[in-house]
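If you want the building blocks of each chain, they are given just below.
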Amino acid sequence: MAEARAPLESPGLPGWIQATPFALVFLLFFVLPLCFVITVSFWDYNDYEMIPAFTSRSYVESFEGCLTQLPDLCTMLKTYVSTAKFCAIVWILTLFIGFTVAYFLAFYVRSATTQMVLFLVCTIPFWTSNVIRMISWIPLLGRNGLVNQVLMSLHIVNAPVEWLLYSQFSVALAFVHLFTFFMVAPIFNSMMRIDRRLIEAAYDSGASTWQMLTNIIIPLSKPGIAIGSIFVVTIVMGDFITFSEMGGGQIASAGKVIATRLSALQFPPAAASAVILLVATMVIITVLNRIVDIRREL
Amino acid sequence: MNEGRSPAFYALAAFFCLFVLFLYGPMIVIFVLSFQGPTGGLTFPMNGVSLHWFQRLWEGGGIVDIAGAFKRSLALGLVVMVLTVLFSLTAGLAFRKRFFFSNILFFVTVASLIVPSIVTSLGIAIEFHVLDDVLKNYGPSWISDNLQTTMGQFTSGLGAHLTWTLPFGLLVMFAIFNRFDGRYEEAARDQGATPSQTLRYVVLPIVAPSVVGVGLFGFTLSWDEIARSSQTMGEHNTLPMELQALTTTVTNPDIYALGTTTTAVSFGVIAVALGSIAILRARQARHGSDAGQA
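So the sequence lines, in the order shown, correspond to chains A and B. Its first residue numbered 0, the first sequence is counted upward by one per residue in numbering that gives the first Met the number 0. Its first residue numbered 0, the second sequence is counted upward by one per residue in numbering that gives the first Met the number 0.
The shape of chain A in the complex, shown without the other chains (with noise of 0.2 Å):
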């Protein structure tokens, strides 16, 4: 954004106009619902509706037992544990997985065009469904699964292994095989920024492969890492549909507890909770914003 080569003066209608289609959108669409679910947080409720009087039982009721039961941890502060730590695990394998797959792109494929070719084959599965490539995972890890059939074959287990689906793991594994892409393009955007004058007067010193990485394309490539990390890290904290289809409906997550309280129909609570998880976003966004102004990165 920041050098954008726009014509000093602007020909045509005036930006504001432009842009209004686009920003009512955002505001009838984004905006607006976002003031009713912090308005509806503080609503109470019965059975069959929603009252709009203040009150703040929805949030007491989401933190009910957070401090009588110290040092054990209430429900709300155990979902957020859990989440929190898939986020992590999450979160480190894409960076791992993403990095290096950015790093081959960008340093080591030599013409453009298998560059963008390569990048393109990374890319597809992101435009294909979610869900799909969930159940994909089925054939493979379930009881009677190709992975099962093949251990039992070679006699490696004698009775097929229970926790390759609807557990942690798979939950895990499934996350990573949707949203490394979301690593994968940051970065390799970032690495595409380095000035290669810079990995050549490295080179010429006698820098070491490792020393360049170290020294140069890492700190360089800190933007891309930082969006896709708020990009992860963000999509597991507010998931729901990952964590029911591959966790066998045994574990919770922050987003499934606003699924759970929508589907008894009761907006206050689930608004309560989906405020909770806002907050616990912003939190983590403001730290990575820290480390990186976004928008001048694009």
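Since the hints were derived computationally from the structure, they do not count as laboratory data. Do not rely on the hints blindly, as some may be mistaken.
[Stated by the list, open to error] Examples of chain B residues toward chain A, derived with CB under 7 Å: (1) 28; (2) 34; (3) 113; (4) 245; (5) 258.
[Claimed, not checked] To be clear about the criterion: a stretch of chain B counts as covered by chain A if any three or more of its residues have a C-beta under 8 Å from a C-beta of chain A, and this derived list gives those stretches: (6) 16-26; (7) 41-49; (8) 96-105; (9) 117-125; (10) 265-271.
No residue lacks a Cβ here, since even glycine has one placed at the ideal position from N, Cα and C.
Since the structure of chain A is provided, determine the placement of chain B on it from the hints.
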């Protein structure tokens, strides 16, 4: 680093191949299994090869209203695609100039990507509930008498999808205009072109291939969207929602056939988009001036 293939190259290339296998392997497996014979199950081995499950799918055997959901998702995806292209393009043009709410609009757009989908979905659902209540109680009688709900695929559902596709569209537009050479416009203006002529005959033809990319994002993101749809579609489900509902009761391979079908649509759209981009590029090369070239 650029001379010779180092051992690091082979190690990284092997890692990349494993990653691609990891990405595509499972999809290939369900593609193969969707051609399972009529007596086959959810896993290998294949009991023969057939189109049995696709046929069952089209006849609607055992599965609720897949054809309807297919058409609904297709219609919604196309509308979302058109609006994403139009709104992203105009907003992309706007962001090249200064306007008073540009900073806040950019912030809101990025926030829409980052705020968990379920929160946005819940917010839109509450918004439309409140709207329904207000219309029923205070609206003029010609509205309130017959009103069931204002929620629906092309009201709340469409809005929910746009909050997901437009940020991607705008980011692509930023990438396009960051690389756009403003001298083309200046040249056009120096030759006496009006602003609308400059836009129509200079800017749009140059950015056209990339705008196809915006359309690709618009359609595929909507076609596969599920988290934002979950609370906002009103009484009818989209295809991904039906698919997800099916996974909980799945006992035979027709779900793979459905998976293969929707993936085929995605791949078809990607192919059309890439093809159009190639054609537009070739057209640019053909019609482009050779002035200044040796």
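Status of each hint after checking the structure:
1. 28: Constraint on residue 28/B satisfied, holds at 5 Å.
2. 34: violated, 13 Å
3. 113: Because about 5 Å separates residue 113/B from the closest Cβ in chain A, which is inside the 7 Å limit, the hint holds.
4. 245: violated, 9 Å
5. 258: Holds: closest Cβ of chain A sits about 4 Å from residue 258/B, inside 7 Å.
6. 16-26: holds (count 8)
7. 41-49: With 3 residues in contact (Cβ-Cβ under 8 Å with chain A), the coverage given for the region 41-49 of chain B holds.
8. 96-105: holds (count 8)
9. 117-125: The restraint on the region 117-125 of chain B holds, since 8 of its residues have a Cβ under 8 Å from chain A and three suffice.
10. 265-271: Result for this restraint: holds, n = 4.
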